[in-house]
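Going down the list, the protein sequences come from chains A and B.
For the first sequence, this note's numbering begins at 8 and goes up steadily by one.
For the second sequence, this note's numbering begins at 4 and goes up steadily by one.
Hints in this document: simulated from the structure, not taken from any laboratory.
C-beta atoms are modelled at their ideal positions from N, C-alpha and C, and glycine is treated no differently.
Keep in mind that a hint or two might mislead.
Unchecked claim - In silico DSSO-like links for lysine-lysine, alpha-carbon gap of 30 Å or less:
1) A:Lys97 <-> B:Lys320
2) B:Lys202 <-> A:Lys97
3) A:Lys97 <-> A:Lys155
4) B:Lys44 <-> B:Lys202
Claimed, not checked - A few chain B positions that, by computed beta-carbon distances, are all more than 10 Å from chain A:
5) Phe40
6) Lys44
7) Gln47
8) Leu112
9) Gly284
10) Phe323
11) Tyr336
12) Ala344
13) Tyr356
14) Arg379
15) Leu491
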Amino acid sequence: MQYFVQQLINGLTLGSIYGLIAIGYTMVYGIIGMINFAHGDIFMIGAFAALIVFLILGALFYSLPVVIALLVMMIVAMLLTSMYNWTIEKVAYRPLRGSFRLAPLITAIGMSIALSNFVQVTQGPRNKPVPPMVSKVYNIEGISVSLKQIIIVLVTIVLLALFWYLVNKTSLGRAQRACEQDRKMAALLGIDVDRTISITFIMGAALAAVAGTLFLMYYGVVVFSDGFTPGVKAFTAAVLGGIGSLPGAVLGGLMIGFIESMWSAYFSIDYKDVAAFSILAIVLIFLPSGILGRPEVEKV
Amino acid sequence: MAVTASPERDIVATPMQRATREALYAGAIALGLFVLFIGLKTDQNISNELILVQRWGLLAIVVVLTMAGRFLYVAYGQPFLANQKIVDVATGLLPESVATRFFRLPYFLAAIVTVAVLVFLAGPLDGLLGPGLAGYARFLRALAIIYALASVLFYFRTFIHAHFSALGITALTLYPVIVVLVLALYGGSVAAGFQGSLKWVDNFGIQILIYVMLAWGLNIVVGLAGLLDLGYVAFYAVGAYAYALLGTHYGLSFWILLPAAGAMAAFWGVMLGFPVLRLRGDYLAIVTLAFGEIIRLVIINWREVTNGSAGISGIPKVSFFGLISFNVSDPNYIAKVFDIATSSAYYKIFLYYLILGLCLLTAFVTIRLRRMPVGRAWEALREDEIACRSLGINTTTTKLTAFATGAMFGGFAGSFFAARQGFVSPESFIFLESAIILAIVVLGGMGSLVGIAVAAMVMIGGTEVLRELDFLKQVFGPDFTPELYRMLLFGMAMVIVMLWKPRGFVGSREPTAFLKESRAVAGSFTKEGHG
Numbered sequence: 008m009q010y011f012v013q014q015l016i017n018g019l020t021l022g023s024i025y026g027l028i029a030i031g032y033t034m035v036y037g038i039i040g041m042i043n044f045a046h047g048d049i050f051m052i053g054a055f056a057a058l059i060v061f062l063i064l065g066a067l068f069y070s071l072p073v074v075i076a077l078l079v080m081m082i083v084a085m086l087l088t089s090m091y092n093w094t095i096e097k098v099a100y101r102p103l104r105g106s107f108r109l110a111p112l113i114t115a116i117g118m119s120i121a122l123s124n125f126v127q128v129t130q131g132p133r134n135k136p137v138p139p140m141v142s143k144v145y146n147i148e149g150i151s152v153s154l155k156q157i158i159i160v161l162v163t164i165v166l167l168a169l170f171w172y173l174v175n176k177t178s179l180g181r182a183q184r185a186c187e188q189d190r191k192m193a194a195l196l197g198i199d200v201d202r203t204i205s206i207t208f209i210m211g212a213a214l215a216a217v218a219g220t221l222f223l224m225y226y227g228v229v230v231f232s233d234g235f236t237p238g239v240k241a242f243t244a245a246v247l248g249g250i251g252s253l254p255g256a257v258l259g260g261l262m263i264g265f266i267e268s269m270w271s272a273y274f275s276i277d278y279k280d281v282a283a284f285s286i287l288a289i290v291l292i293f294l295p296s297g298i299l300g301r302p303e304v305e306k307v
Numbered sequence: 004m005a006v007t008a009s010p011e012r013d014i015v016a017t018p019m020q021r022a023t024r025e026a027l028y029a030g031a032i033a034l035g036l037f038v039l040f041i042g043l044k045t046d047q048n049i050s051n052e053l054i055l056v057q058r059w060g061l062l063a064i065v066v067v068l069t070m071a072g073r074f075l076y077v078a079y080g081q082p083f084l085a086n087q088k089i090v091d092v093a094t095g096l097l098p099e100s101v102a103t104r105f106f107r108l109p110y111f112l113a114a115i116v117t118v119a120v121l122v123f124l125a126g127p128l129d130g131l132l133g134p135g136l137a138g139y140a141r142f143l144r145a146l147a148i149i150y151a152l153a154s155v156l157f158y159f160r161t162f163i164h165a166h167f168s169a170l171g172i173t174a175l176t177l178y179p180v181i182v183v184l185v186l187a188l189y190g191g192s193v194a195a196g197f198q199g200s201l202k203w204v205d206n207f208g209i210q211i212l213i214y215v216m217l218a219w220g221l222n223i224v225v226g227l228a229g230l231l232d233l234g235y236v237a238f239y240a241v242g243a244y245a246y247a248l249l250g251t252h253y254g255l256s257f258w259i260l261l262p263a264a265g266a267m268a269a270f271w272g273v274m275l276g277f278p279v280l281r282l283r284g285d286y287l288a289i290v291t292l293a294f295g296e297i298i299r300l301v302i303i304n305w306r307e308v309t310n311g312s313a314g315i316s317g318i319p320k321v322s323f324f325g326l327i328s329f330n331v332s333d334p335n336y337i338a339k340v341f342d343i344a345t346s347s348a349y350y351k352i353f354l355y356y357l358i359l360g361l362c363l364l365t366a367f368v369t370i371r372l373r374r375m376p377v378g379r380a381w382e383a384l385r386e387d388e389i390a391c392r393s394l395g396i397n398t399t400t401t402k403l404t405a406f407a408t409g410a411m412f413g414g415f416a417g418s419f420f421a422a423r424q425g426f427v428s429p430e431s432f433i434f435l436e437s438a439i440i441l442a443i444v445v446l447g448g449m450g451s452l453v454g455i456a457v458a459a460m461v462m463i464g465g466t467e468v469l470r471e472l473d474f475l476k477q478v479f480g481p482d483f484t485p486e487l488y489r490m491l492l493f494g495m496a497m498v499i500v501m502l503w504k505p506r507g508f509v510g511s512r513e514p515t516a517f518l519k520e521s522r523a524v525a526g527s528f529t530k531e532g533h534g
């Protein structure tokens, strides 16, 4: 039982990170119907930005409270990735918005390749380890919960609450939901569609940057190719939860996190990704539009 | 860095002002994007701790270059392009007018003379210029040769356009012969010709043709049937491992295993096809991607059979139907049979013709299938699945045959790949490969075989050329390795080509069969109020 709860906590931590990335995928998909393949690399850029800021802070200040350091890392990473995603959307996706469906997918894959190789070229191909920032571990009745995990879950909950408020209660969120339903009609009603889409990309990137910072803090290492696997898993999570649905993305992220940690705990750690992908395929056979996704209405 | 300005300001601002403003925006954005990533570099010091290295000079250069590029584009590029369209309409000269101005007889003659001078005086010039400038001379020579060839192609463009397939196949068939002949003349002996041809036949010829074949195979799934497959590399892997395992363990010949590998890949194509039958669009994309990853992860982790990440080595070579072998130790080794000098180039040339044959087979089957009911059904499925179903087409078998046929060609290409490399490891079958193949299909203009071949040549050949640019080391210093930038440039090229030609190089995605004119109705039906 203790072992199970322990795995549950590990899964929750992992799932939070996946969920944060998955929101970016699902929002972009919801609003312009494209798979933003570069999103995983935006996450990696966020982790790298956090790493560089961490090193700058380390060089400038002798000792800085961890909370402030983490906060600064997150904010800088958010700003930087927002700028990247904003630029990418302007340069690579916007000109192809009216084009056929595969065109922006190809530019997104191209951007993904370009971004990870850009980081490889500028920052070097090696693993970048950082000294542990937070190392406190609590022991509650045989279950060890590290402070890192608590931070990750807390930050995720706070961000999700903020994000929920932004999407459901503000005019910006209303504009976003309107664009999601019908872009042309939204434009006719005076919503600046281009701006709304840009903001969607910025929001997705900011959440991915937080995920990147948390990832760096949790694992203590980052490498230029780190964008791919978490990116694919987050995308899997978004699809599993029903792409286009925000609660679905979080739910899918948590599910993937749980599947992974449970599978590596009870079966084999080598096949944890195989398990996650297989469960995705099985779920989609029975629920072709994900768990919380709206079934597509077929029109002729 | 497309920065849109409000229309009122566009009217007021002169092009120069606009260009300056845009350049400043671009510079600010570039500064923001690159300040952390180019301005600072994370590096390990001796005690393995991360430290920051400052590179502000490089950052300044990159930002200034971005600004200059944006300025030139807005100030001169955009007006030029806009102007070009106007001129074209006025004179009736269509977009070729730039090209006709670029390819002129005097320029062509100048290029020929440059090539001749540089080739015949190569020895003395190298001594005269020193090693640094000689690199530039070689680069100039290459440029001049490319220009001369392009001029010839341009001059005969209508002829080439009319007989593209025949000319293309002839050129591909003669390619190794020409390479060997040219290099033999240049090097002065036949042996030198064969030795020098290795790089050209292997790196350029075989490498590009493998991708052509893979892209043509994927084209059946994506281009014809309209099913987005992001995990095509899985079938390539199945084919490669089928040949590698059966060839090394049971010593079976390539010619038996080629169909076997194709059949196995087709079987896996059907296996993938079943669960995804009900899925559409992007759900299909993620499941195929997941399938590709599952196959790769299983290969990595099933160490007893696949030897994990270490891969399988010592895969037997292909023989010419058992008659002629390419192993030096065999009694029927090619050099012994024909009594010629030993060279590893024969095997490469043989492989070149083998993959060319496989490519042509793929093209032939694709062209033929498109005229058969199943091919028509694929295209109908691509255009409209619901209409397709209402016309009584069985979408299940249509989808499954598309997956199976596409996978089979992937399997063929995979077993060829294993035979060519003599070594397979999971690293060759990463998602990036699927993405590259898909990019070639889309950039080629889905469904067009010629366009896909051109796209493969441009994208794969272009990145291979980067390996050859040694003279850049003289410009950027000896530490500069062009290979490092290969994938960065590949990714950027994918974006730029897509923006430039969103419909692909040959953008005709029309169904093979459609109603060209409305059926003429006999006069007797119409005249008395019958319709």
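Does Tyr336 (chain B) clear chain A by more than 10 Å, comparing its Cβ with all Cβ atoms of that chain? Holds: least Cβ distance 41 Å, greater than 10 Å.
Status of Ala344 (chain B), Cβ more than 10 Å from any chain A Cβ: holds (42 Å)
Is Lys97 (chain A) close enough to Lys320 (chain B), meaning Cα to Cα at most 30 Å? violated (50 Å)
Straight-line alpha-carbon gap Lys202 (chain B) to Lys97 (chain A), limit 30 Å: violated (41 Å)
Checking the smallest CB distance to chain A, is Phe323 (chain B) really beyond 10 Å? holds (39 Å)
Looking at Gly284 (chain B) again, its CB stays over 10 Å from all of chain A? violated (8 Å)
Compute the least Cβ-Cβ separation between Phe40 (chain B) and chain A, then decide whether it is above 10 Å. At about 5 Å from chain A, Phe40 (chain B) fails to clear the 10 Å cut-off, so the statement is violated.
Beyond 10 Å from each Cβ of chain A, as asserted for Gln47 (chain B): violated (7 Å)
Minimum Cβ distance from Lys44 (chain B) to chain A greater than 10 Å, as the annotation requires: The claim is violated: Lys44 (chain B) sits with its nearest Cβ about 6 Å from chain A, within 10 Å.
At 10 Å, judged by beta carbons, does Leu112 (chain B) keep clear of chain A as stated? holds (39 Å)
Please settle this one: Arg379 (chain B) was flagged as non-interface, so is its CB more than 10 Å from every CB on chain A? Answer for Arg379 (chain B): holds, closest chain A Cβ roughly 20 Å.
Sort out whether Lys202 (chain B) lies within 30 Å of Lys44 (chain B), counting only the CA atoms. Cα-Cα ~36 Å, so violated.
Checked against the numbered hints listed earlier, the structure breaks hints 1, 2, 3, 4, 5, 6, 7, 9 and 15; every other hint is satisfied.
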